[in-house]
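Peer 1: The chain contents come next:
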Amino acid sequence: MREKVISLYQSEKKIYPREILGFYAKWRWFFVWLTQIIFYLTPWIEWGGRQAILFDIASRRFYIFKHVFYPQDLIYLSVILIICALGLFLFTTLAGRIWCGLACPQTVYTEIFLWIESKVEGNFTKRGRLDKSNWSLKKILIKFQKHFIWVIFSIWTGFTFVGFFTPIKILFIESIGLSISGWPLFWTIFYGFLTYFNAGFMREQVCKYMCPYARFQSAMFDKNTLSMIYDSDRGEPRKGVSNKSQGDCIDCNICAQVCPNGIDIRDGLQYECIFCGLCADACDSVMKKINRPANLISYTTPYMLRNNLSITKKIKIFFRPRIIIYSLILLIVIGLFLYKLNNRYDFKLNVIHDRGILSRVDSNNMLENVYRLKIMNAGLNRDGYKLGVDGLPRIKIDDKSMKNLEIQLDPTEADTFIVTVEVPINSQKPGKYPINFLLRKEGSDNVIFEKSIFVVPEK
Amino acid sequence: MLGEFNNYFWPVLVASITIIGIIGCYVLLKLTGKKGPENDDNSTSGHVWDGDLEEENNPLPRWWVGLFVITIIWGLIYLALYPGLILTDGYLKWSQLGQYQDEVKDADKKFAAMYKDFGQMDLEQFINNRKAKKIGKKIFLNNCAQCHGSDARGTTSFPNLTDHDWLYGGKMIDIKSSITNGRNGVMPALASIGTKKDLWDIAHYVKSLSDSKHHPMKALRGKEKFGICASCHGADGKGNQSIGAPNLTDHIWLHGESFEGIVHRITYGINNEMPAWNDRLTPEQIHLVSLYTRMLSKDNH
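Respectively, the protein sequence lines represent chains A and B. Residue numbers are given in this note's numbering: position 436 of the first sequence equals residue 436, and the series is strictly consecutive. When you read off a place in the second sequence, starting at 1, and then add 459, the result is the number in this note's numbering.
Just chain A, with the same shape it has in the complex:
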């Protein structure tokens, strides 16, 4: 005997979440506004005559207010990513999928698109009815209106995104004059399309099937992680309003109706749940109407829900070892990052021993090695630099190249300087000797040491 075969192919049913306002929904909207204001306004901020935040990939320079980052500063990007990862670990352990529910771009844009949809098409029942109805001129007009607004919004989003990588003011003027072209145009349309497609159509499916963060979150949960929990002890068995001897849940289904991910929280913690708290808002509003205490669905931990804990005990839960260790690591990494960032020298030195000439003897009986020094001014002012060399007795930069060595560089300028270094002939046995170049910024004590070798040939 064979059991029924379960098909793994399932086409997604469109979800029409019911509109709700409440404590969590307000926080959600707060983060929508916060993240979007930051996103849309940041590229327009000016700082010192240039765009304050600009990731100029073509010339390989990232500008972030007073800092300019070069490819050599990759370590800072790595550390920022490490900080982000550690932050996700900490917040996931502490508060579950709070990022997903409140601030994730997928959530935020879905919320905005849903808001536009409800403004144009009406509330959730009207939207469902409209989609089921036959095509008519009215339906076409309504749909056109919605998609038109969506597309405008998406293009503006794509444009803003590109504005982080290309000076946005020039981009804006080009866009107005319809002379935008090439890669900026491609990325505007590409990112705009992704916004339109993900927030307009994919929505919760991104969280359910595509998001990698959602997949490994469960590894960071423990019994004290905050989550959206339905108090089944209090709620079950569900029944009508009149029969008060039973559970508090009146089975009105409003919690399932408001869920943007189409689940029923009363089935327990599910992987689709993004902790947006809309079900809690909806349930509280009903509990208030039927004069029952709120928080039948609440943002708590299973442990706290089952045990009536004093406030100090509750606070203790948040200071469990796992949280403290994550926080400490995070603080240390952030501290080191800020320290290094504020103490990094705004100039760089790179030394290459000449490839053509290993060593030679000049007419004054000095043994010479030639080096190419790439010096970069990563700062904001025109600066001068002084070069020195040490590592061997009586080693020095020869007079001729010293004479040419007035190192003055404009901001963000890099140049190659040729330096001939010499020691008296026969002062060293044949071999390779480590030496150091020292580069000091004029008017400061900042010195960079860069290693190289000095070759003394056989003979």
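Calculated from the structure, these hints are not laboratory results. Warning: the hint list may mix true and false statements.
Unchecked claim - Keeping only pairs whose Cα atoms sit at most 25 Å apart, straight-line, the calculated PhoX-like set for lysine-lysine is:
id : chain 1 : residue 1 : chain 2 : residue 2
1  : B       : K597      : A       : K400
2  : A       : K403      : B       : K655
3  : B       : K564      : A       : K400
4  : B       : K593      : B       : K568
5  : B       : K592      : A       : K348
6  : B       : K630      : B       : K569
7  : B       : K697      : A       : K386
8  : A       : K386      : B       : K593
9  : A       : K13       : A       : K139
10 : A       : K400      : B       : K590
11 : A       : K451      : B       : K597
12 : A       : K374      : B       : K757
13 : A       : K374      : B       : K630
14 : B       : K592      : A       : K441
15 : B       : K597      : A       : K403
16 : A       : K348      : B       : K590
17 : A       : K374      : B       : K593
18 : B       : K568      : A       : K403
19 : B       : K630      : A       : K400
20 : A       : K441      : B       : K635
21 : A       : K386      : B       : K635
22 : A       : K403      : B       : K592
Here the structure of chain A is known, so what remains is to put chain B in place on it, guided by the hints.
Peer 2: This is chain B only, laid out in the frame that chain A set:
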């Protein structure tokens, strides 16, 4: 015969494998994309693991088949546009060389305006123009430094460009000519002009011209044999820039100052070549790098 075979064997092989592969993929898709009449909803492949774990006999998901078909169509379009089959040039007539030439053309166009200003500069203007100096230095480092050294001071057999000893003349026109057309400094083998002892005597005489350490008696004997050398290096040994014959009276020894080395060069001659750069550098680039070289020697007054 064999050449003909080699010319066609690999292209035909590659094209056949490619086309058969694409057709094979399509046939496989066709065969597995539909449920056969013998398969009901519950049929399995017959493979069983752990006693009860069976593999269902489902057709491939439609979206997946769709993606595969798109890749096949994409592949055919690609093969039509590009020379993927080797047998044809493709509709776009694309080639690596063509792309390279296009890019060079674009780059030339892009930099032409900039070089136009630099192409007429004199030394004074050059020294006062930071950007021109930087470009001159870059051209030198990328093209000339391999032999002359990053500091342009050369090494054995590669001339120092910063002193005032110019083999072929130090005026702009001479330097530009050296870079554009290259130079070939030839000293013929002169073993036949005398015995080994004679050649050593000449070497001592050559050394005496610059007051270097030498044996006076040998030098005196060598002077008599110097006549044939004088036809290039001059009777006074001061060289001849029109043929690149070095000045023997200074302390600059391009190929080394040992007696053995000098005798060896008299015996066997030497052929020292500087390649021509006219097919690598534009006239403007040659102008800039010549100015850069002039500047380096000017610094050493």
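Peer 1: So, for every hint listed, does it hold in this structure?
Peer 2: To see whether the hints hold, each was checked on the structure:
no., hint, verdict
1, B/K597 with A/K400, "20 Å, holds"
2, A/K403 with B/K655, "47 Å, violated"
3, B/K564 with A/K400, "40 Å, violated"
4, B/K593 with B/K568, "20 Å, holds"
5, B/K592 with A/K348, "21 Å, holds"
6, B/K630 with B/K569, "30 Å, violated"
7, B/K697 with A/K386, "42 Å, violated"
8, A/K386 with B/K593, "19 Å, holds"
9, A/K13 with A/K139, "20 Å, holds"
10, A/K400 with B/K590, "22 Å, holds"
11, A/K451 with B/K597, "24 Å, holds"
12, A/K374 with B/K757, "24 Å, holds"
13, A/K374 with B/K630, "31 Å, violated"
14, B/K592 with A/K441, "23 Å, holds"
15, B/K597 with A/K403, "20 Å, holds"
16, A/K348 with B/K590, "21 Å, holds"
17, A/K374 with B/K593, "13 Å, holds"
18, B/K568 with A/K403, "37 Å, violated"
19, B/K630 with A/K400, "22 Å, holds"
20, A/K441 with B/K635, "38 Å, violated"
21, A/K386 with B/K635, "34 Å, violated"
22, A/K403 with B/K592, "16 Å, holds"
Consistency note: the structure conflicts with the earlier hints numbered 2, 3, 6, 7, 13, 18, 20 and 21.
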